[in-house]
Amino acid sequence: MKKRFYDEKENKYRFYVAQDQLFIDLNLIQFGWEHCDSLHSYGPAVRNHFLFHYVIDGKGTLDTSGKTFTITKGQGFLLCPGQTSMYTADEDDPWYYAWIEFDGMQARQMMTLAGMSENQPVYTPVDSSDMEIEKLLLRIVEEAEKSPIRLVGMAMILIDRIVETSKTRIHEEKKKLRDFYMREAINFIDGNYMRDISVEEIADSSGLNRSYFSRIFKDTFGESPQRFLLKYRMYKASELLKNTKMPVAEVGASVGYDNQLHFSRAFRNIFGISPKNYRDNHRLSQNN
172 MKKRFYDEKE
182 NKYRFYVAQD
192 QLFIDLNLIQ
202 FGWEHCDSLH
212 SYGPAVRNHF
222 LFHYVIDGKG
232 TLDTSGKTFT
242 ITKGQGFLLC
252 PGQTSMYTAD
262 EDDPWYYAWI
272 EFDGMQARQM
282 MTLAGMSENQ
292 PVYTPVDSSD
302 MEIEKLLLRI
312 VEEAEKSPIR
322 LVGMAMILID
332 RIVETSKTRI
342 HEEKKKLRDF
352 YMREAINFID
362 GNYMRDISVE
372 EIADSSGLNR
382 SYFSRIFKDT
392 FGESPQRFLL
402 KYRMYKASEL
412 LKNTKMPVAE
422 VGASVGYDNQ
432 LHFSRAFRNI
442 FGISPKNYRD
452 NHRLSQNN
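Residue numbering for the sequence shown is 172 to 459, as defined by our numbering.
Just so you know, these hints were derived from the structure itself, not from any lab. Be careful, since some hints might not be right.
[As the list claims (entries may be wrong)] Pair by pair, the computed Cβ-Cβ distance ranges are:
(1) T241 to E394: 27 to 35 Å
(2) R366 to G214: 26 to 34 Å
(3) N414 to K317: 33 to 41 Å
(4) K306 to H220: 36 to 44 Å
(5) K317 to E371: 38 to 46 Å
(6) I368 to T415: 42 to 50 Å
(7) R366 to N182: 49 to 57 Å
[Stated by the list, open to error] Restricting the straight-line Cα-Cα distance to at most 27 Å, the calculated cross-link-like pairs of lysine-lysine (DSS-like) are:
(8) K389 to K407
(9) K389 to K402
(10) K402 to K338
(11) K317 to K413
(12) K338 to K230
(13) K244 to K183
(14) K338 to K244
(15) K183 to K338
(16) K447 to K413
(17) K230 to K317
(18) K183 to K306
(19) K389 to K317
(20) K238 to K389
(21) K183 to K230
(22) K338 to K317
(23) K244 to K230
(24) K413 to K402
(25) K416 to K447
(26) K338 to K416
(27) K306 to K338
(28) K306 to K317
(29) K238 to K317
All residues carry an ideal CB built from backbone N, CA and C; glycine is no exception.
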């Protein structure tokens, strides 16, 4: 289910806010486009998710991490969770941009592959004449009423295109070994999250000591292995709460929590509400 916002009178903006978070690797939060007025700005503000803007026409500035970046037609910029930023349309040539806000277990790694981060927020394509990212973003907005699976699939294609065309892209030979270690870790988590596993066990599955493993894990995913495992379990639990009638205690046990109280606290830590309320809210949204 999505909420739509648009300017019927002047057709200056259109965007959609997604209300169902159905996936683990990547979830859409919102997406849209806007023809900004001269000196129109947003912020300073802190984002809770990843937010990528692509400039279709015009230009503007991004202020973040104590730096100012000028962004022009054909470029983009990324805002990361927890990052304070402000962006402003140019006075004489205000930008027209499209954006996509997203999150998920693989979100940071995807942006890392594009060479983008809090300290390197600007996307510049290798080929300035490439129109594919613009087309994909506008297509997502045009097909906003399609199924969540279709929209997430299109978002995956978009992000893959960003990675493939970015001038700051991390090339294969630089990431191959680290990817192997992280893939082994994720495979271990996926096969064992229902048990009471430790970070040492995850590191051992990758053939690394805990200290080095934790460091490269955080560099790759933007959070500690402990936090990643907690979120992974809670996202799995959220799927069970939405798609089954299993009692809450049984859902907790299915993701490694024998104590229902501990599970409820962990779930609230990630989603801000209890498992029961999460299930009730999902059922209510499905009926509206």
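Tested hints:
A hinted range of 27 to 35 Å for the beta carbons of T241 and E394 is consistent with their spacing of about 31 Å. With their beta carbons about 43 Å apart, R366 and G214 fall outside the hinted range of 26 to 34 Å. Checked against the hint of 33 to 41 Å, the pair N414 and K317 fails, with Cβ atoms roughly 20 Å apart. For K306 and H220, the Cβ-Cβ distance of about 23 Å falls outside the hinted range of 36 to 44 Å, so the restraint is violated.
A C-beta distance of roughly 44 Å is found between K317 and E371, which places it inside the suggested range of 38 to 46 Å. Against the hinted window of 42 to 50 Å, the Cβ-Cβ separation of I368 and T415 comes to about 23 Å, which falls outside the hint. R366 and N182 have their C-beta atoms about 54 Å apart, which keeps the hinted 49 to 57 Å range intact. The suggested pairing of K389 with K407 holds, with an alpha-carbon distance near 21 Å, which does not exceed 27 Å.
With a C-alpha separation of about 14 Å, the suggested pairing of K389 with K402 holds against the 27 Å cut-off. Only pairs whose Cα atoms come within 27 Å are accepted, and K402 paired with K338 is rejected, the gap being roughly 32 Å. A threshold of 27 Å between alpha carbons decides the hint, and for K317 with K413 the separation of about 20 Å falls inside it, so the pair holds. For the given pair, K338 sits about 19 Å from K230 by alpha-carbon distance, which is consistent with the 27 Å threshold.
For the hint linking K244 to K183, the alpha-carbon distance of about 18 Å falls within 27 Å, and the restraint holds. Taking the CA atoms of K338 and K244, the gap is about 15 Å. The hint holds against a cut of 27 Å. Of the supplied pair hints, the one linking K183 and K338 is violated, its CA atoms being roughly 31 Å apart against a limit of 27 Å. Note on K447 and K413: the hinted pairing holds, with a Cα-Cα distance of about 10 Å set against a maximum of 27 Å.
For the hint pairing K230 with K317, the CA-to-CA distance comes to about 31 Å; that exceeds 27 Å, so the pair is violated. Proximity of K183 to K306 is assessed by CA-CA distance (about 18 Å); at most 27 Å being required, the pair is judged to hold. Between K389 and K317 the CA atoms are separated by roughly 35 Å; this puts the pair beyond 27 Å, and the hint is violated. Distance hint between K238 and K389 is fulfilled; the C-alpha atoms sit about 24 Å from each other, no more than 27 Å.
This hinted pair checks out: K183 and K230 have alpha carbons roughly 16 Å apart, not beyond 27 Å. With a C-alpha separation of about 32 Å, the suggested pair K338 and K317 falls outside the 27 Å cut-off, and the hint is violated. Only pairs whose Cα atoms come within 27 Å are accepted, and K244 paired with K230 is accepted, the gap being roughly 6 Å. Annotation: proposed proximity of K413 to K402 holds, straight-line Cα distance about 16 Å (limit 27 Å).
Between K416 and K447, the direct Cα distance comes to roughly 11 Å. Compliance with the 27 Å bound is thereby established for this hinted pair. A distance of roughly 48 Å separates the Cα atoms of K338 and K416; the hinted pair therefore is violated under the 27 Å criterion. Between K306 and K338 the CA atoms are separated by roughly 19 Å; this keeps the pair inside 27 Å, and the hint holds. This hinted pair checks out: K306 and K317 have alpha carbons roughly 17 Å apart, not beyond 27 Å.
For the hint linking K238 to K317, the alpha-carbon distance of about 39 Å lies beyond 27 Å, and the restraint is violated.
Hints 2, 3, 4, 6, 10, 15, 17, 19, 22, 26 and 29 from the earlier list are contradicted by this structure; the remaining hints agree with it.
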